[in-house]
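Read top to bottom, the protein sequences are chains A and B.
My numbering puts the first residue of the first sequence at 1, with every later residue one more than the last.
My numbering puts the first residue of the second sequence at 439, with every later residue one more than the last.
In case anyone wonders, no lab produced these hints; they're calculated from the structure.
Please note that a few of the clues may not be correct.
[What the hints assert, rightly or not] Below, simulated EDC-like cross-link-like pairs (lysine to aspartate or glutamate); rule was C-alpha separation at most 16 Å, straight line: (1) K16(A) <-> E566(B); (2) K355(A) <-> D526(B); (3) K355(A) <-> D506(B); (4) K309(A) <-> E60(A); (5) K584(B) <-> E571(B).
[Said to hold, decoys possible] Selected chain B positions facing chain A (in silico; Cβ < 7 Å): (6) L505; (7) V557; (8) Y561.
Here the structure is a predicted model, which means the values were calculated and not measured.
Backbone N, C-alpha and C fix where the C-beta goes; we use that ideal spot for every residue, glycine too.
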Amino acid sequence: MKIDEIKNTVSLFRLKRSIILGVKSLWMHKLRSLLTALGIVFGVCSVIAMLAIGEGASYEAQQQIKDLGSQNIILQSIKPTNTTTAGEQERSLILEYGLTFRDISQIQSTIPGVEVTVPSRDVKDFIWRLSLSVDGTAQGTVPWFPEMKNRDVIKGRFFTQVEMERRSNVCILTESLARKLFPLDEPIGSAVRMQRSYFRVIGVIEDKPTSAGSETDLSTEDDSGDSMAMLIPITTLADHFGEVLFKYRSGSFEAEKVEVHEVTVRIEEADRVLPAAQAIRHMLERNHSDSDYKMTVPLDLLRRAERTKQIFNIVLGSIAAISLIVGGIGIMNIMLATVTERTREIGIRRALGAKRKDIVLQFLIETVLLSGTGGLIGVALGLSIPLIISHFAEMKTIIQLWAPVLAFTISVVTGVLFGIYPAFRAAGLSPVEALRHE
Amino acid sequence: MDEQSSAATLPKPVIQLKGVEKHYTMGSIVVKALQGIDLQVFPKDYISILGPSGCGKSTMLNILGCLDKPTLGEYHLDGEDVSQLEDDRLSQVRGKRLGFIFQSYNLIQQLTVLENIEVPLFYQGISEKDSREIAVDLAGQVGLGKRLDHRPTELSGGQQQRVAIARALSNDPAVILADEATGNLDSKSGGDILEIFDALNDRGKTLILITHDEGMADRTNRTIRLKDGLVQFDSKSPNAGGQQH
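Chain B on its own, in the form it takes in the complex:
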């Protein structure tokens, strides 16, 4: 906790949301999935975002992951305002600064373990040789050093998720976003994945886990609870409301 509080004094948050709202139009009804989120994430944060289904978790992930633009409000990622960037720039931001880990792994079936890890590097324009080196190294780190040329279908769920983690790390992102990363795994494999997350955070990575698993809250060093599109609780500022500083 001491370390975290010192982190809070850092001048530069890696993620800063100001009054972010997301509206969806369904026919004539406007649904406000997010109703004004304020949030700051600092380097080395290890956050779990919790909430019942329909609370805006997925929308939150899409906004944080630059997969979707907020209707209102500002989103600064790594010092850059990304809230209203054009499509190509958003792709660049995703490829460079974000790492994604999905519930259903989302590996590309026709590619091998190594090639899957290389995908973000490919879009970054990293040379074949360099990206091969990085991919081999990362595969080793997640314990798949002997399965480099296997296809996703030849791997277990836990192994596939470890490939996904390696892939999320390949571009050395500012933030890693994990969406129900253990949702499809048995408790043993899920535990292994969570241990990797812990280790990554120990190495200084910023992680945001989106989950409905209450057990996660104990594991991470900061918990945010969403309800009806608003931050209901933030363990960093337990006074709720989300307003910090």
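In isolation and in its complexed conformation, chain A is listed as follows:
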């Protein structure tokens, strides 16, 4: 016990002295030490910064996908591509396309595991409040829309089953629309108008989350109307605006008949989402000859995003490894030069009683000090760069605790790995040879 204690204190004391000695030796060649450590500084710094940026980007993407609901499958009506290139005479005809209520009932009755479906149908026109107007969308939907779409009702309430059955003239405004139409006063209880129909505002709901890249782009048409929307019972919408939608575009007139613009299907269990999506796809392929619908599976997107992130991490890891190896080689190079330069000192120390392991320790401590200091500076830079980026480029960056810890550990390990060879080379010199060295 006691002997062990003494041994421990002796070795600790030696370690402390060796570290002080290492600092002194490195301090003698400040510029050289700094330049040597720079490789590690940039290696560590880039690892942390890249991880933070990558993590931030994928977090945003994943968050957006999650907002769509990982148990949901989203179906949308899209205008078939072949009709847009059709001749002028077709312009005045009523164009019928998209998902139907028949599709919905078929999905509900034949696909196993389907829990709820949320149909919605859009009418795009100006929404009026007194003399204020906004180009927006009236979206007919069902009472369970907020829950299924993960969108909170901020003020007031959503419409109820009874209101839907009674085809009540109630509406819920999106946050942006409410701000536009009611800049100063309380929207709830007021009335808004679209075409010739008036609706009583009973609530305000969160905006639809912004889409995460083209893959998850859920808007069938131009995005502008998406955030400017009022939600009304789908029954009310059919009553007031009919089945045929009219559009006036650059002087010409377009009419289309779309039963349902969007259907959100919720599947009971997450692991049945992908098979269900497959089944729905097959079913719809049979019913629709044109490709007049689009299917989005957030879970699938999430999986894909995760895979992308994995690949991204591997690439990042390789870059980091390479930069740290380069830094380590720089350290090794300098330490080999240092060993040669300090051969005489090694000889003196050996003559004065230093064992081989003392010399190994001394040189290892120096490389670890170099790489460790480089690592610390790198961590400091690596932590500040993401902050600067998110401040100026308005990009989200996430620094996870393990990133700087890992980067610093790797830098120290690099120091040890690349310090071993020079250190053993120094210790391997015979004292006589070393003393003779000029």
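Please arrange chain B on chain A, whose structure you already have, making use of the hints.
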């Protein structure tokens, strides 16, 4: 001389070489730098080892200093056979029982006077406080009490050599080995160093000076001349051959 002869009767020599040979292989040629040295050094001896260059002086120093192992023969230092010790044990022996003084001082440039004196103590595991005390005391003894925090580059040759002497004394060695200790100094500084050596011997230290300076022979109380790897002359037993007792 009386004192020396009484020393000769002491049963325990501090250094005892028996038939020590050192061979170097250079390509296919084997060079015998030492060809069978027998030597006994007693406590309080003050010896100069003389000889022309190439006589084996340096090899002798390396063997005596445990920096190199003899090819053949035995070397007992302070009662222990050190001729075939492993590397770590040799380091220990050097650190504990030997003090080195080199021609070119061999101070460590990045360390101060005090820190240089402390180096052997550091490898002995002496605590910081104790070694600081010893170093301050020794620096004072060699007249560098006011230059404790100077670096070697800020000192003259003579001063640097005095730091080296203090360093050689720090671990209270059994034998002090000096290799051409005054070779790089002017006669004044060299004389100062030699006076320190004389004083050390007066205080009972065992010193071995390796030199080609004939003047040293008069100063020391025993002279050994090497030639072609053999002891040609030993003032203690003028019959040559080196065989004593």
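Exercise for the section: Could you tell me which of the hints above the structure violates, numbers in ascending order? Expected result: none
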